[in-house]
Each structure stands twice: as structure tokens, then as C-alpha cells.
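J.: Sequence:
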Amino acid sequence: MSGETDVECQQSHGSASPQPHASGACSQSQGGFSQSHGPFSQPHGSSSQTQGMSGSSTSTVPTSSQSSHSSSGTLSSLETVSTQELYSIPEDSEPEEPVPAPWARLWALQDGFSNLECVNDSYWFGRDRNCEYCFDEPLLKRTDKYRTYSKKHFRIFREMGPKNSYIAYIEDHSGNGTFVNRELVGKGRRLPLNNNSEIALSVWSNKVFVFFDLTVDDQSVYPKELRDEYIMSKTLGSGACGEVKLAFERKTCKKVAIKIISKRKFAIGSEREADPALNVETEIEILKKLNQPCIIKIKDFFDAEDYYIVLELMEGGELFDRVVGNKRLREATCKLYFYQMLLAVQYLHENGIIHRDLKPENVLLSSQKEDCLIKIPDFGQSKILGETSLMRTLCGTPTYLAPEVLNSLGTAGYNRAVDCWSLGVILFICLSGYPPFSEHKSQVSLKDQITSGKYNFIPGVWAEVSEKALDLVKKLLIVDPKARFTTEEALRHPWLQDEDMKRKF
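The sequence shown begins at 1 in full-length UniProt numbering and counts up by one.
Treat the hints as calculated values from the structure; they're not laboratory data.
All values derive from a computational prediction rather than experimental measurement.
Mixed in with the good hints there might be a few duds.
Unchecked claim - The calculated label-pair distances, taken between Cβ atoms and stated as ranges, are:
(1) K152 <-> L491: 41 to 49 Å
(2) D471 <-> K441: 36 to 44 Å
(3) T143 <-> Q368: 38 to 46 Å
(4) K297 <-> V479: 31 to 39 Å
(5) D498 <-> G460: 24 to 32 Å
Beta carbons are placed, not taken as given, at the ideal position from N, Cα and C, and that holds for glycine.
Let the sequences and hints guide you as you build the complete structure.
T.: Now the structure itself:
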């Protein structure tokens with residue numbers, strides 16, 4: 001790559017070359033995003049973000065040109081025109097040709113790159129000045145990755161396919177590689193581009209764009225107030241309490257996670273009417289004020305047909321997948337993760353919140369690195385769903401539920417000790433790679449296993465686990481909640497008195 005020289009990006013006549021600006025991928029203009037140069041300004045008469053896109057089922061990104069509509073010559077119904085002005089309009093003036101609607105959008109994920117609305121059928125990307133999208137932003141040139149980008153790195157284009165419908169492709173022309181969803185395209189090869197595809201350059205982790213197919217991406221299904229703030233993307237996961245979507249904040253281009261909870265599914269409205277004290281917006285405001293490094297931050301909340309909870313995004317995935325992928329975790333790694341879980345749950349308890357849905361799927365990791373920050377989401381769900389709905393949901397998968405919860409069936413009171421039981425189950429799984437209680441033990445029902453505290457340490461597995469770790473598991477999986485370890489007692493346990501581990505956190 002050293003043989004390639006830096007060149008200035010020169011926009012060809014009639015091209016749609018982006019001109020990224022120095023402040024990063026996006027800039028704020030009139031409450032939305034704009035490209036800082038003319039090629040991306042929204043034409044007069046085109047749809048704004050909140051109105052939807054002409055010829056497409058999705059919305060467009062607002063641009064700075066929207067703020068100049070009042071001077072574009074278009075008259076509102078309240079304006080009047082003098083007779084002299086009317087006579088001065090040429091009779092043979094022709095209406096402007098409509099601007100074609102974009103068929104795709106590239107959403108920039110890094111500073112130095114800008115968003116692109118694809119109107120033409122083909123776009124070249126690279127350092128060459130003849131590329132429609134030229135990598136010439138000064139901020140981008142200062143990055144370590146810049147020299148790994150080719151003069152003509154890749155091309156995005158569309159071709160007519162069967163049934164008179166277009167198919168979008170990406171074609172790799174680089175020396176160091178172009179990746180789509182971690183898959184190497186390969187020099188001279190092409191791959192179809194699907195909605196929400198992630199495009200990375202030179203290495204799979206260097207994600208630069210998200211591709212939105214505007215012919216299929218329907219943003220209009222989401223509430224207007226949500227669309228004004230965020231662009232919704234792919235589904236990250238789903239569970240009994242709802243689904244989680246990847247989204248992009250319009251003001252900053254930052255990725256977030258948005259959890260969608262169906263009011264209809266949980267009959268939340270009826271519970272709220274029955275209990276006027278269950279004011280969801282008030283409870284969310286309380287939860288938003290919680291501030292602890294190992295707790296997922298609630299950034300925003302929308303109360304529409306469904307609930308939309310905007311959360312910070314964790315890129316490392318779920319603890320469940322990390323355990324399954326490795327069969328089990330190293331004891332040192334378990335200790336680092338569990339220490340953070342205890343601090344998070346202790347903080348929730350100090351603020352009067354019982355989580356009640358702690359499980360490996362509800363422990364998120366900040367990165368793919370082994371030593372990383374973990375965070376706990378979905379706290380305070382009873383405040384959102386209501387007690388009855390939450391218990392109905394949790395009892396559908398009781399593996400991590402404390403004995404007193406199963407015995408009461410949600411009718412009797414219980415305290416923060418239920419979270420400590422769940423933490424014990426999680427620690428058991430991380431250390432061994434298998435659950436302490438399982439429906440596969442046909443001779444004893446799952447409920448009876450849990451309520452009686454019957455679990456087994458398989459000798460061949462636990463022989464590699466220290467006695468201190470084993471002891472903490474036993475202290476947390478005590479059936480009697482009064483005798484069970486609290487988070488404070490667990491944090492004082494000898495297994496966690498490891499200063500080297502704490503320094504990593």
C-alpha cells in the first residue's frame with residue numbers, strides 16, 4: 001500500500017461525491033443531521049425525516065437545506081403576491097424535474113466518514129479523486145487505518161434482477177480486504193448487500209458503514225417521536241419481555257440498543273389502571289438516574305403503542321454466548337465477571353431495586369476481550385411491566401428463580417435474597433459449563449430440584465475449581481433466604497479478596 005499516494009478528492013461534474021467534514025461523521029443542523037457540503041443537501045420539495053421519503057417506505061436524514069425552504073420561491077397558503085409580481089413570472093417557465101428518490105443509505109460509523117444517500121446506480125469508494133465517494137477528509141487521513149485503504153477500495157451498485165426488482169451488491173477491489181458482516185468479500189468478487197449489512201475495511205473489526213436498503217427498510221412502523229431521534233436497524237435479540245433493536249442516534253451517529261416491550265402482550269394498560277401508582281414514566285425517570293459502571297444506562301424512553309427503552313449498547317454480546325462458546329470460563333475470568341455482577345446488584349439493592357431476572361443472557365459484555373467490563377440490563381422490569389405480568393413471564397423459564405419465588409407463585413412477598421440465588425446459579429454455570437438445575441433430570445421435576453436445593457458437583461468438572469469458589473457457590477445456593485449470602489457477604493468472601501483481579505476492573 002505504500003506505493004499509493006495521497007490525492008485530493010475532486011468532485012466530477014454531476015457526481016454525488018460526499019465531502020466529509022472535519023467534525024466527524026455527522027453534524028447537527030436544525031435538530032437533525034446534515035452533510036456539510038452541497039451534494040447531500042436535501043432538494044426543495046423532498047420529504048423531511050418526519051414526513052417519510054417519497055418513493056420509499058423509509059425516512060430520509062434531515063439536511064441543512066431544509067432550513068432554507070422559506071427562501072426557495074415556494075409560497076405558503078398564507079402568503080400573497082402582488083399583481084406586478086404575478087405578471088413578472090415568465091409564461092414559458094418549465095417546472096423543475098423531480099429529484100430521484102434514493103434507493104439506499106450508507107450510515108457512517110466513524111469520524112471522517114459521512115453518510116451517503118444512493119441515487120445513482122453505482123458508486124466507487126476509495127482514495128482516488130475519481131471515486132464518487134473519496135476518502136479525503138483530513139481527520140480520516142490522520143488515522144492509522146488510512147494507509148490501508150486502496151485508491152479504489154470497493155464499489156456499491158445495483159443491477160436489475162428477476163421480477164423487475166433491483167439487487168444491491170458490493171464488489172471488492174482492495175488490497176487489504178472489504179468485509180460484510182465479518183465475511184471477506186475477496187478481491188474481484190461481489191456479494192449481495194442486505195438491509196442492515198455492516199461494511200468494514202481492511203480488517204473485519206474496522207466497521208465503517210451500515211447499509212440500509214430503502215426499498216425494504218420501513219421506519220414508518222415506529223412512532224414519529226422515536227424516528228425523530230433514532231434510525232432503527234436490525235434485531236439484536238428477543239426474549240419473553242420483548243425484542244431489542246440496534247439503532248443510531250441522529251444527533252451523534254452513536255449506536256444504541258432499543259428495547260421494545262409490547263403493552264398488548266403483557267396487558268400492561270389494565271394493570272396500570274388497576275394500580276394508579278404504577279406510573280411508568282415516573283419510574284423510568286428514577287431508573288435513568290441510576291449511575292454505576294456495571295449497570296446499563298437508560299438513555300431515553302418513549303411511551304407509544306408500545307414501550308421503547310433506549311439503552312447504551314454493549315458490543316461484546318451476552319455472557320451466555322461467551323460461556324457456551326468456551327464450554328466454560330477460566331476461574332480467573334469468572335472471578336472478574338462475578339465481582340462486577342455483585343457490585344451492580346449491590347448498588348440496585350441499595351437503591352431499593354430487586355432485579356429478579358438475573359441470568360447469563362442478562363449479563364452483557366463490553367467487548368470480545370476476555371478481560372472486559374460487564375453490565376446488567378433489565379433492572380426494574382416490575383416497575384414497567386407490573387408485578388403480575390413480570391411473574392407470568394419469569395415463571396415461563398424458572399431455571400434461575402429462587403425457591404421462595406416458585407413456592408409463592410408471585411402471591412407472597414420476597415426480598416433481595418432472590419437475586420443472590422440467581423447469582424449463585426450464574427456462578428455455577430460459569431465455573432462448570434452446565435446448570436445446577438435442569439429439566440433433563442427426569443426423576444425429579446425442575447421445580448422440586450430448585451425448592452429442595454438438589455444439585456450435583458460432577459467430580460471430573462469441579463476438580464479444576466478451587467475450594468474457595470466452590471464454597472461461595474454453596475453459600476449462595478442455600479434454600480433458606482435468611483441463611484443465604486447477601487451481596488455484601490459475598491463481596492467479603494475469601495475467593496474475591498484478589499487485588500490483582502480488582503485492578504483489572
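J.: Check each numbered hint against the structure and report the violated ones by number, ascending.
T.: Numbers 1, 2, 3 - these are the hints that the structure violates, sorted from lowest upward.
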